[in-house]
Amino acid sequence: MFDSFTSVLTGGLINPGSGGLSKKAAKQEKKRQHVLDYGTDLINAIFYGGTTPLYTPVTDKFTKSAWQQFKANPQPLFSLTTKGINPFVKLSRGAVNKQIQRGNLFTGSEQTFEGFQPTFFDQRAKDYINFAMPQLQKQFQDNFAAIMYNMANRGLLGGSASQKAQSDLFTAAGQGRQKIADEAISQSQQLRQDVERARQSAIDLLYQTSNPALATQRAIAMASGFRQPSTFAPIANMFADLANQYYMNQVLNTYRNGVAPLALDYRLNPTVALNIPRNN
Amino acid sequence: MNGLAIGAGAGIIGGMMQAIAASQAQKAMEAALQAEIDRQSRFRQEGLGVLTPAVVAMGVENARKLMSEGEQGRQKMYSDVGQIPFGQFTPTLMDQAKLKLLGDLRAKLGGYADWQNQQGIDQLHTQQQLNRIFDKAAGQSALFPYRMNDAQHSWDELAFWGQLIKSIGGIAGIWQLAFGQGPQGMGTTQFSPGFGGMTIQQPGSTFVWTNASMNPTL
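As they're listed, the protein sequences go chains Z and S. Those letters in the first sequence? Residues 681 to 960, per my numbering, in order. Those letters in the second sequence? Residues -19 to 198, per my numbering, in order.
By construction, these hints were calculated from the structure, which means they are not laboratory data. Where hints are given, some of them may not hold.
[Stated by the list, open to error] Heads up, simulated DSSO-like pairs for lysine-lysine below, C-alpha to C-alpha not over 27 Å straight-line:
#1 S:Lys56 with Z:Lys859
#2 Z:Lys818 with S:Lys78
#3 S:Lys56 with Z:Lys818
#4 Z:Lys703 with Z:Lys763
#5 S:Lys88 with Z:Lys859
#6 Z:Lys859 with S:Lys78
#7 S:Lys116 with Z:Lys711
#8 Z:Lys703 with S:Lys7
#9 Z:Lys778 with Z:Lys741
#10 Z:Lys707 with S:Lys116
#11 S:Lys80 with Z:Lys806
#12 S:Lys78 with Z:Lys806
#13 Z:Lys844 with S:Lys80
#14 S:Lys80 with Z:Lys859
#15 S:Lys116 with Z:Lys703
#16 S:Lys80 with Z:Lys818
#17 S:Lys7 with Z:Lys707
#18 Z:Lys710 with S:Lys116
#19 S:Lys56 with Z:Lys806
#20 Z:Lys704 with S:Lys116
#21 Z:Lys704 with S:Lys7
#22 S:Lys88 with Z:Lys806
All chains should be modelled from the sequences, with the hints used to inform the complete structure.
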């Protein structure tokens, strides 16, 4: 290529100057930036939802027979230029193979991604509540039945002690509900953070490699990983403190009435045995 | 025309062309440097444009807003969860009020976690935006050596012709000195003792004839 008057004059033999190295390098940089923009748009579409072209690099050159097949069933081709990734219209085998050789040719189609919408994270919280609430409900009913039975057994049902017991049980149940709600929110937030970190990781990878295909692969793998259901551990006994309190109360009241606690009670709750002197 | 005069004239013209080329190349390099400084300044401005609102959002005003939103969100969640029935049990109004108060206080504490969570995500987004700008700046910065190279060689053509003219002038001078006449029938000329590879001792300096130009050496 003749860049200068001297080059034209000497038929390209002498071409003083740099040969436009910066223009060539700038073209490559523009292409790299377009690839990064495309990769970022794709990752954003995967994580936040949206429609974006999904380009797949064409790596194998067209043989004569492959070209005939392609012409019989043509697919849209795109090439990477300094203006971005645009439809490639020079549909001759030579031109296409030249673009493939330069690593500039892609096939592509529009694809829509759902993305991680707020409803996805809300659902995570709801799933935890749906999982934990029946357990709390059962704990409540067991403890309610036990305490009410105990009250009835002692002839205290309907009295202020019974009312107090019900009130305490209601408060403990309410706090249990709130604890479950907090845990649900926490898990939802943790999931959101994980998703954001995964997106960040995919973008980091994109920058490191300037290869959106690899980063996208990782993003899709991470996205599918988050959609797997988690294994929830059973919730702790939310009424343990309350039950223990009533148990202690009963034991103490029994002792105060002049009857020593049963040996069974010592076994069940050794702390009681330590605190209460044996009456010989 | 005297061959030496041609040589001297060509030397002067060629030298002038080279001097102009060098001067212009220097200007082009300065311009390239200034353009790079301006370019990087624009990236810095762009970065500040991203950073400033992000830093403002880290302040206590936004923290209070986020905590309040988190608190309200948790209160709503507590209320929703509280609607799930646990059987035939009717709490008193006092019990309900007590639980509501406990829930409100708990939600207020939870608001801090919500703020921190949101702040962490916002910082990630800010970092991503800054990384994008940083990458563009780094990409342009990587082009800078090529741009300087282009600027350095932008006047090479003029320098080349200047050098060529000087060389032709030098050949003319050497021809004159060697054969005593112009290279292409310019006629005989008188030998000048002050030139032609001879040195003329001057007080304090020496003039040496080198390739159709005179360079004073001390």
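These are the hints, each one checked on the structure:
no., hint, in the structure
1, S:Lys56 with Z:Lys859, "14 Å, holds"
2, Z:Lys818 with S:Lys78, "23 Å, holds"
3, S:Lys56 with Z:Lys818, "24 Å, holds"
4, Z:Lys703 with Z:Lys763, "14 Å, holds"
5, S:Lys88 with Z:Lys859, "14 Å, holds"
6, Z:Lys859 with S:Lys78, "16 Å, holds"
7, S:Lys116 with Z:Lys711, "12 Å, holds"
8, Z:Lys703 with S:Lys7, "19 Å, holds"
9, Z:Lys778 with Z:Lys741, "9 Å, holds"
10, Z:Lys707 with S:Lys116, "14 Å, holds"
11, S:Lys80 with Z:Lys806, "21 Å, holds"
12, S:Lys78 with Z:Lys806, "25 Å, holds"
13, Z:Lys844 with S:Lys80, "18 Å, holds"
14, S:Lys80 with Z:Lys859, "14 Å, holds"
15, S:Lys116 with Z:Lys703, "16 Å, holds"
16, S:Lys80 with Z:Lys818, "23 Å, holds"
17, S:Lys7 with Z:Lys707, "25 Å, holds"
18, Z:Lys710 with S:Lys116, "10 Å, holds"
19, S:Lys56 with Z:Lys806, "13 Å, holds"
20, Z:Lys704 with S:Lys116, "17 Å, holds"
21, Z:Lys704 with S:Lys7, "22 Å, holds"
22, S:Lys88 with Z:Lys806, "21 Å, holds"
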